[in-house]
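S.K.: On the provided structure of chain U, position chain C as indicated by the hints.
Listed here are the chains, written in short residue letters.
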Amino acid sequence: DVKVTQSSRYLVKRTGEKVFLECVQDMDHENMFWYRQDPGLGLRLIYFSYDVKMKEKGDIPEGYSVSREKKERFSLILESASTNQTSMYLCASSRRTGHSYEQYFGPGTRLTVT
Amino acid sequence: TQLLEQSPQFLSIQEGENLTVYCNSSSVFSSLQWYRQEPGEGPVLLVTVVTGGEVKKLKRLTFQFGDARKDSSLHITAAQPGDTGLYLCAGPIQGAQKLVFGQGTRLTINP
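Those protein sequences? They're chains U and C, same order as listed.
Here the numbering used here = 1-based position in the first sequence + 991.
Here the numbering used here = 1-based position in the second sequence + 14.
Some clues are possibly wrong.
[As the list claims (entries may be wrong)] Each computed BS3-like pair below joins lysine-lysine, with the alpha-carbon atoms no more than 25 Å apart:
1) K994/U with K1046/U
2) K1044/U with K994/U
3) K1009/U with K1044/U
4) K70/C with K1044/U
5) K1061/U with K1048/U
6) K1009/U with K1061/U
7) K112/C with K70/C
8) K112/C with K994/U
9) K84/C with K994/U
10) K1061/U with K994/U
11) K1061/U with K1046/U
12) K1048/U with K112/C
13) K1009/U with K1048/U
14) K1046/U with K112/C
15) K1062/U with K112/C
16) K1062/U with K1009/U
17) K84/C with K70/C
18) K1061/U with K112/C
19) K1062/U with K1048/U
[Claimed, not checked] The following residues of chain C were derived to be distant from chain U, with all beta-carbon distances above 10 Å:
20) Y36
21) S45
22) K71
23) L72
24) G99
25) L113
26) G116
27) Q117
Just so you know, the hints here were simulated from the structure itself, not pulled from any lab data.
As the structure is a prediction and not an experimental result, all values here were calculated from the model.
Glycine residues also receive a C-beta, built at the ideal position from the N, C-alpha and C atoms.
Chain U on its own, in the form it takes in the complex (with noise of 0.2 Å):
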């Protein structure tokens, strides 16, 4: 079975705070995502990343930046965490190959900057 892990389910920061969100999958994936999912607003793609060192902005990419040294993680980075950064943070990996391209998501990171 495909697992994504993420580092932590909860995260309490303050306003200002450098924040890392961690992603690990051990299916040997080509592709990562990081989304943010807000009441009303459903799955927002915030970057994808193809392979090692190399990323794509999503749709909401501003805020944000990511690190993918290593195929199996991806990180997220909060640079100067902000209140409307509280969210629910979902990673999610997916093969290059075949036409489909499912997704296999983590349990999610519910953040929340104060």
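M.R.: Quick look at chain C alone, frame taken from chain U:
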């Protein structure tokens, strides 16, 4: 832009009832996927439909892909409280390895 619209947005029914939720688009998709997300968890892939007209069954859940590959439906027979959750449809964006997601149907099954 490929968009997926799900309906209804919210559905609350009694245990034992049947229900259908819909995922529609004006665009053709090579495949569509359905995910279920329980409160506080990440989405879990339920099924992928690939061929126009395809029907797949997962216990009491029946998934159908439209003949023109622009829409899909999920039918649940004799709903149970364990079916409660957010149901998301998704499809691959043409020319990219990303998915577009619908806004979801939040389903509540009352005992």
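S.K.: None of the hints should be skipped; say for each whether it holds.
M.R.: Here is what the structure says about each hint:
1. K994/U with K1046/U: Holds, at roughly 22 Å.
2. K1044/U with K994/U: Holds: K1044/U and K994/U sit about 22 Å apart, inside 25 Å.
3. K1009/U with K1044/U: holds (21 Å)
4. K70/C with K1044/U: The hint is violated at about 38 Å.
5. K1061/U with K1048/U: Holds, at roughly 19 Å.
6. K1009/U with K1061/U: Holds, because 21 Å separates the two Cα atoms, which is no more than 25 Å.
7. K112/C with K70/C: holds (23 Å)
8. K112/C with K994/U: holds (19 Å)
9. K84/C with K994/U: violated (31 Å)
10. K1061/U with K994/U: holds (16 Å)
11. K1061/U with K1046/U: Roughly 13 Å separates the two Cα atoms, so the pair holds.
12. K1048/U with K112/C: holds (12 Å)
13. K1009/U with K1048/U: Answer holds: K1009/U to K1048/U is near 20 Å, not above 25 Å.
14. K1046/U with K112/C: holds (13 Å)
15. K1062/U with K112/C: At roughly 18 Å apart (the allowed maximum being 25 Å), K112/C and K1062/U satisfy the hint.
16. K1062/U with K1009/U: holds (23 Å)
17. K84/C with K70/C: This hinted pair holds, its Cα atoms lying about 17 Å apart.
18. K1061/U with K112/C: Answer holds: K1061/U to K112/C is near 20 Å, not above 25 Å.
19. K1062/U with K1048/U: Distance of about 18 Å is within 25 Å: holds.
20. Y36: holds (16 Å)
21. S45: violated (4 Å)
22. K71: holds (18 Å)
23. L72: holds (15 Å)
24. G99: About 13 Å separates G99/C from the closest Cβ of chain U, which puts it past 10 Å; holds.
25. L113: Answer for L113/C: violated, closest chain U Cβ roughly 6 Å.
26. G116: violated (7 Å)
27. Q117: Violated, since 4 Å does not exceed 10 Å.
The structure fails to meet hints 4, 9, 21, 25, 26 and 27 from the earlier list, while all remaining hints are met.
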